[in-house]
Amino acid sequence: MMHSIILAIATRYLSPLIFLFSLIFLFRGHNSPGGGFIGGLLAAGGFVLYSTAFCVTSAKKKLIIDPRTLIGIGLLISFISAFLSLFSGKQFMTDIWWEVTLPLLGKWSVGTPFFFDIGVYFVVAGVTLTIIFSLSEE
Amino acid sequence: MGLLIAVLICFFVAILAPFIYRLGRQYTGWIIAILPFILFGLFINHIKLISSGEVIAVTYKWIPSLGINLSFYLDGLSLLFALLITGVGGLVIIYAGRYLAGHIFIGRFYLYILLFMGAMLGLVLSDNLFTIVIFWELTSISSYLLIGFNNEREEARTAALRALLVTGIGGLSLLAGMILLGLTENGYKLSILINSGDLIRNHPYYLAILILILIGAFTKSAQVPFHFWLPGAMEAPAPVSTYLHSATMVKAGIYLLARVSPLLGGTEIWFYTLTIVGMITMIIGVVLALQQHDLKRILAYSTVSVLGILTMLLGVGTELAIQAAMVFLLGHAMYKGALFLVAGIIDHETGTRDIRKLGGLWKLMPMVGIAGITAAVSKSGLPPTFGFVGKELFYESVIAVTWVTPLLTVAALFTNMLMFATAWISGIHPFIWKTGGIPKKPHKTPFGMWIGPLILAIMGMICGIVPGFIDQSIFSSAVSAVTGSHVSVHLALWHGFNPALALSAITVAGGFCIYYWWYKIQRVVCRLNIVYKFMPDNLYKLSLNGLLQVAKVQTAIIQSGYQRYYLLTIFSVTAILVSFMLFKLGGIHGSIGLHTMKFYEVALGLFMLGAAAIAVLSSTRLAAVAALGVVGYSMSLIYILYGAPDLAVTQTLVETLTVILFVLVVYHLPRFSKLSSSASRIRDACVSLACGGVMTALVLKAGNIQFHQPISEYFTKNSALLGHGKNIVNVILVDFRGFDTMGEITVLSVVGIGVYALLKLKIKPE
Numbered sequence: 000m001m002h003s004i005i006l007a008i009a010t011r012y013l014s015p016l017i018f019l020f021s022l023i024f025l026f027r028g029h030n031s032p033g034g035g036f037i038g039g040l041l042a043a044g045g046f047v048l049y050s051t052a053f054c055v056t057s058a059k060k061k062l063i064i065d066p067r068t069l070i071g072i073g074l075l076i077s078f079i080s081a082f083l084s085l086f087s088g089k090q091f092m093t094d095i096w097w098e099v100t101l102p103l104l105g106k107w108s109v110g111t112p113f114f115f116d117i118g119v120y121f122v123v124a125g126v127t128l129t130i131i132f133s134l135s136e137e
Numbered sequence: 000m001g002l003l004i005a006v007l008i009c010f011f012v013a014i015l016a017p018f019i020y021r022l023g024r025q026y027t028g029w030i031i032a033i034l035p036f037i038l039f040g041l042f043i044n045h046i047k048l049i050s051s052g053e054v055i056a057v058t059y060k061w062i063p064s065l066g067i068n069l070s071f072y073l074d075g076l077s078l079l080f081a082l083l084i085t086g087v088g089g090l091v092i093i094y095a096g097r098y099l100a101g102h103i104f105i106g107r108f109y110l111y112i113l114l115f116m117g118a119m120l121g122l123v124l125s126d127n128l129f130t131i132v133i134f135w136e137l138t139s140i141s142s143y144l145l146i147g148f149n150n151e152r153e154e155a156r157t158a159a160l161r162a163l164l165v166t167g168i169g170g171l172s173l174l175a176g177m178i179l180l181g182l183t184e185n186g187y188k189l190s191i192l193i194n195s196g197d198l199i200r201n202h203p204y205y206l207a208i209l210i211l212i213l214i215g216a217f218t219k220s221a222q223v224p225f226h227f228w229l230p231g232a233m234e235a236p237a238p239v240s241t242y243l244h245s246a247t248m249v250k251a252g253i254y255l256l257a258r259v260s261p262l263l264g265g266t267e268i269w270f271y272t273l274t275i276v277g278m279i280t281m282i283i284g285v286v287l288a289l290q291q292h293d294l295k296r297i298l299a300y301s302t303v304s305v306l307g308i309l310t311m312l313l314g315v316g317t318e319l320a321i322q323a324a325m326v327f328l329l330g331h332a333m334y335k336g337a338l339f340l341v342a343g344i345i346d347h348e349t350g351t352r353d354i355r356k357l358g359g360l361w362k363l364m365p366m367v368g369i370a371g372i373t374a375a376v377s378k379s380g381l382p383p384t385f386g387f388v389g390k391e392l393f394y395e396s397v398i399a400v401t402w403v404t405p406l407l408t409v410a411a412l413f414t415n416m417l418m419f420a421t422a423w424i425s426g427i428h429p430f431i432w433k434t435g436g437i438p439k440k441p442h443k444t445p446f447g448m449w450i451g452p453l454i455l456a457i458m459g460m461i462c463g464i465v466p467g468f469i470d471q472s473i474f475s476s477a478v479s480a481v482t483g484s485h486v487s488v489h490l491a492l493w494h495g496f497n498p499a500l501a502l503s504a505i506t507v508a509g510g511f512c513i514y515y516w517w518y519k520i521q522r523v524v525c526r527l528n529i530v531y532k533f534m535p536d537n538l539y540k541l542s543l544n545g546l547l548q549v550a551k552v553q554t555a556i557i558q559s560g561y562q563r564y565y566l567l568t569i570f571s572v573t574a575i576l577v578s579f580m581l582f583k584l585g586g587i588h589g590s591i592g593l594h595t596m597k598f599y600e601v602a603l604g605l606f607m608l609g610a611a612a613i614a615v616l617s618s619t620r621l622a623a624v625a626a627l628g629v630v631g632y633s634m635s636l637i638y639i640l641y642g643a644p645d646l647a648v649t650q651t652l653v654e655t656l657t658v659i660l661f662v663l664v665v666y667h668l669p670r671f672s673k674l675s676s677s678a679s680r681i682r683d684a685c686v687s688l689a690c691g692g693v694m695t696a697l698v699l700k701a702g703n704i705q706f707h708q709p710i711s712e713y714f715t716k717n718s719a720l721l722g723h724g725k726n727i728v729n730v731i732l733v734d735f736r737g738f739d740t741m742g743e744i745t746v747l748s749v750v751g752i753g754v755y756a757l758l759k760l761k762i763k764p765e
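Note that the protein sequences, when read in sequence, are chains G and Y. FYI, the numbering for the first sequence is 0 to 137, going by numbering that gives the first Met the number 0. FYI, the numbering for the second sequence is 0 to 765, going by numbering that gives the first Met the number 0.
Since the hints were made in silico from the structure, they are not lab data. C-beta: ideal position from N, C-alpha, C; glycine also. Some hints could be false.
[Unchecked claim] Under 7 angstroms between C-beta atoms, here's a sample of chain Y residues computed to sit facing chain G: (1) His347; (2) Thr351; (3) Pro644; (4) Leu646; (5) Val648; (6) Gln650; (7) Val733; (8) Phe735; (9) Gly737; (10) Ile744; (11) Ser748; (12) Leu758.
[Claimed, not checked] Anything over 10 angstroms on all C-beta distances counts as not near chain G; from chain Y, calculated: (13) Ile398; (14) Ile457; (15) Tyr561; (16) Gly722.
Produce the entire structure from the sequences given, and follow the hints as far as they go.
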C-alpha cells in the first residue's frame with residue numbers, strides 16, 4: 000500500500016497508544032463515556048492504521064490472533080457471562096456483582112455486565128478487522 | 000416428576016446415542032434397549048395404582064403467560080399407550096441392532112428412533128393442548144428422518160417428504176383446532192376440559208373444532224383419503240415400519256380420537272363421520288392389501304384397514320365398541336409388530352419380499368416361522384389368540400348398533416374375511432408350501448433378530464388364552480378414560496354360542512377360500528380398483544407440482560436479483576408507509592425554529608448540505624465517499640454541541656471505518672460511468688428525494704408527539720442503583736437491554752463471517 004515514512008513512524012507510536020486508549024474506553028465504560036462497542040471500534044481502528052502504514056500481513060502478525068477467532072472468543076465470553084446467573088438460581092442474564100480491592104486502583108465493583116462488555120469489545124473488533132483485512136487482501 | 004424425566008431422558012439418551020454406538024459397536028442395540036425396558040418396567044409398576052382409578056398429574060410451568068405448561072397426566076389410556084411405546088420400542092431397538100448391522104448411519108438411527116420414542120411418550124402423557132401439538136409435530140419430524148433413513152435412495156426421500164407433508168398439514172389443522180378449543184375459555188388442560196364436554200358440544204365453535212382435530216387425526220392415522228402416505232413409507236427399514244407403522248405413530252391419531260372422545264364424541268356428526276370414514280378406510284385398505292405382492296405393502300395396507308376399524312369403533316362409541324377398539328389396538332400392535340419384523344427378517348435373509356417367490360422357509364428359519372405363523376393366526380382371528388378376542392368383540396359391538404347393523408355387519412364381515420386372507424398370505428404362506436426360487440440362501444437368523452417378533456407373537460397368544468390377567472388391570476382403566484365413566488372390563492376367550500361366533504365361522508370359511516383362490520381373485524381385484532389406488536396420490540402430486548410452479552413464477556417476479564431494484568422497493572415502500580402514517584396522525588407539525596439557532600449551528604448545517612450535494616454530483620466515487628465522510632464527521636460535531644460525547648465518539652469511529660471500507664471497496668469497482676437511462680435516473684432521484692423528505696418530516700414530527708411515557712426516566716433513576724454504572728447508555732446496552740445486545744453481536748458475527756466467506760469465495764467465471 001502506501002509507503003510514507005512519516006505515516007510509518009507516526010503509526011509506530013500511535014497504534015499502541017490507540018490500542019491502550021481502546022482498553023481505557025472499555026474499562027471505564029460503565030461509568031463514563033466509553034464501553035465495549037466504542038472500545039472495539041477503536042482497537043480495530045488502531046490495527047487498520049497499522050495495516051495502512053505497513054501492510055495487512057504485518058498488521059495480522061501484530062494482532063497475533065486471527066480476527067475470526069476474536070469473534071468466537073467474544074461471543075463465548077458474552078454468552079458465558081449471560082449464563083452465569085443461572086448457576087446462582089437467578090433468571091437468565093441477571094447481573095451479579097463482586098467488590099474487589101485492587102492494588103493502586105482501590106475498590107472496584109466487577110460484575111457480569113462488565114464481562115459481557117468485554118465480549119462485545121472482542122466481537123466488534125473481530126468483525127471489523129475480519130471485513131477490512133479480507134477486503135484489503137483482495 | 001417421574002413423567003417429565005421419562006420423556007426428557009429419551010431425548011437426552013437420543014443425543015448421546017451416536018457416541019454410545021462408538022463405544023458399544025455391535026452391542027449398542029442391547030445397551031440402548033435398556034432405557035425403554037426400564038421405562039416399561041416403571042410403567043408396569045404403575046398399573047396397580049392406575050387400575051384402582053387413580054391418575055398421576057404433574058405440571059411444570061413453561062410459558063405460563065400463554066397457558067402453555069408441561070402438564071403430564073397418566074391414566075389408563077396413556078398407560079396402555081406408554082406400555083406399547085416402551086415395550087415394542089425396546090424389542091425394535093434390539094432387532095435394529097442386528098438388522099442394520101454395518102449400516103453406515105446406524106448411530107444416527109438410534110438417535111432418530113429414541114427421539115421418536117420421546118416424542119411419542121410425550122404425546123400420550125401430555126395434558127396441555129399445546130404440548131400435545133408440539134409432541135405431535137415432533138413425531139412427524141422424527142418419522143420424516145426415519146422414513147428417509149436410507150437417504151441415498153430417491154424413493155425413500157420422496158416417501159419421507161410425502162409423509163411429512165401429509166401429517167404436517169394435519170398437525171397444523173390440529174393446532175388450529177386446539178387453539179379454537181382454547182378459545183372456548185375452558186382452560187388448556189385436557190383432563191379438566193373433559194369435564195365440560197357438554198359446554199363444548201353446544202359451543203358455536205364445536206363443528207370447526209371437530210373438523211380440524213379430525214383432519215389431524217385422520218392424516219396421522221392414514222384414513223381415506225389420506226391413506227396413501229403409509230404404504231409409501233414402507234421405504235423405511237423394517238424396524239421403523241414396525242415401530243412407526245404398526246405399534247405407535249399411526250396409532251397416535253387413534254389415541255387422539257380416543258382422548259377427545261369424551262369431549263367431542265357422542266354427537267351425530269361424530270358418529271357419522273368416524274363410522275363412515277372408518278368403514279371406507281377398512282374396506283379400501285384391505286382390498287388394496289389383497290392386490291399387493293410385496294410383503295411389507297400387504298402389511299401396510301392391512302394396517303390402514305385396521306386403523307379404519309379402530310376409527311369406526313371409536314365412532315360407534317358404545318362401551319362395547321370402545322372395549323373392542325382397545326383390545327383390537329393392543330392385539331394389532333402385537334401381531335402386526337411381529338409380522339413386520341418377520342417380513343424384515345425374510346427380506347434380510349432371502350433378498351426378496353415378493354410373496355410369489357417365497358415359500359418353504361419353515362425348515363430354514365424355524366424360530367422365525369413360529370413367530371410369523373403365531374402372529375398370522377392372531378391376525379386372522381383364530382382362537383386361542385388375542386386377535387380372536389378382539390374380533391369377537393368387534394362383531395359383538397357392530398351387531399349391537401341397532402339401526403345401521405346390517406350395513407356395518409356386512410362391511411365388518413367382508414373386511415375380516417379379506418383380513419384373514421392377507422394374514423395367511425403374509426404370515427403363513429412364506430413358511431409353508433415350496434419355495435418359488437429365492438435370490439439368496441438364508442443363513443442362520445441371529446438371536447437378536449428373532450427374539451423380538453417371537454416375544455410379540457407369543458404375548459399375543461398368552462393374552463388370548465388368559466385374557467383375565469390384563470382385562471381388569473389395564474383395559475378397565477383405559478376404556479374408562481375413553482368413555483368418561485367407570486367401566487369394568489371382563490375379557491374371555493369363549494363367549495358362548497352367539498351371533499358373533501357364527502360370523503367368525505363364516506369369516507374363517509370365506510377367508511380361507513379367498514386365500515386358496517388368491518391369484519385368481521387378485522387379478523379381478525386389480526382391474527377393479529385402479530380408481531381408488533391413484534386418486535388421492537395423484538392429487539397430492541398435482542398439488543405439490545402446482546405449488547412449486549407458483550413458487551417459481553412468484554420468485555421470478557419478486558426476486559429480480561438486482562440490488563438496485565431491491566433498494567428501490569425498500570425505499571419507496573418505506574416512504575409510502577411512513578407518509579401514510581404521518582398524515583393519519585394529523586400531518587407535519589413542528590417548526591425548525593431558525594431564530595433560536597446559534598450561528599455555528601447554521602454554519603454546520605450549511606456545511607453538511609454542501610457536502611451532501613457534492614456527494615450526489617461528484618463524478619468520481621472517491622470524491623463522493625470523502626464528501627459523505629464530511630457529512631458524518633459534521634454529524635458528530637453536532638453531537639458534541641448537544642452534549643452527547645458517547646454518540647460523538649461512536650459516530651467518529653464508525654465514520655472513519657466506513658470511509659476506509661468504502662475506499663477499499665471502491666478500489667475494486669470499475670470506473671464511474673453512466674450506464675442507466677435518464678428516465679431511470681429521474682425515477683431514482685424522485686424516490687430518494689421522497690425518502691429524504693419523509694425522513695425530515697418524521698424527525699420534525701417525532702419531537703412533537705408522545706405515544707407512551709418515556710422510559711428514559713426509569714433508566715436515569717435506576718442506572719446507578721440497579722446497574723452499578725453511571726453511564727446510562729452503557730448500562731442499557733450491557734444490562735437493561737443486554738439481551739438485545741446479545742442478539743446484535745450474534746448477528747454481527749454472522750455478518751462478519753458471511754462477508755469473509757463471500758470475499759474468499761472464488762467462483763470461476765463460466
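Do the hints match the structure? See the list:
no., hint, verdict
1, His347, "47 angstroms, violated"
2, Thr351, "53 angstroms, violated"
3, Pro644, "5 angstroms, holds"
4, Leu646, "9 angstroms, violated"
5, Val648, "5 angstroms, holds"
6, Gln650, "10 angstroms, violated"
7, Val733, "4 angstroms, holds"
8, Phe735, "10 angstroms, violated"
9, Gly737, "5 angstroms, holds"
10, Ile744, "4 angstroms, holds"
11, Ser748, "5 angstroms, holds"
12, Leu758, "5 angstroms, holds"
13, Ile398, "61 angstroms, holds"
14, Ile457, "50 angstroms, holds"
15, Tyr561, "23 angstroms, holds"
16, Gly722, "7 angstroms, violated"
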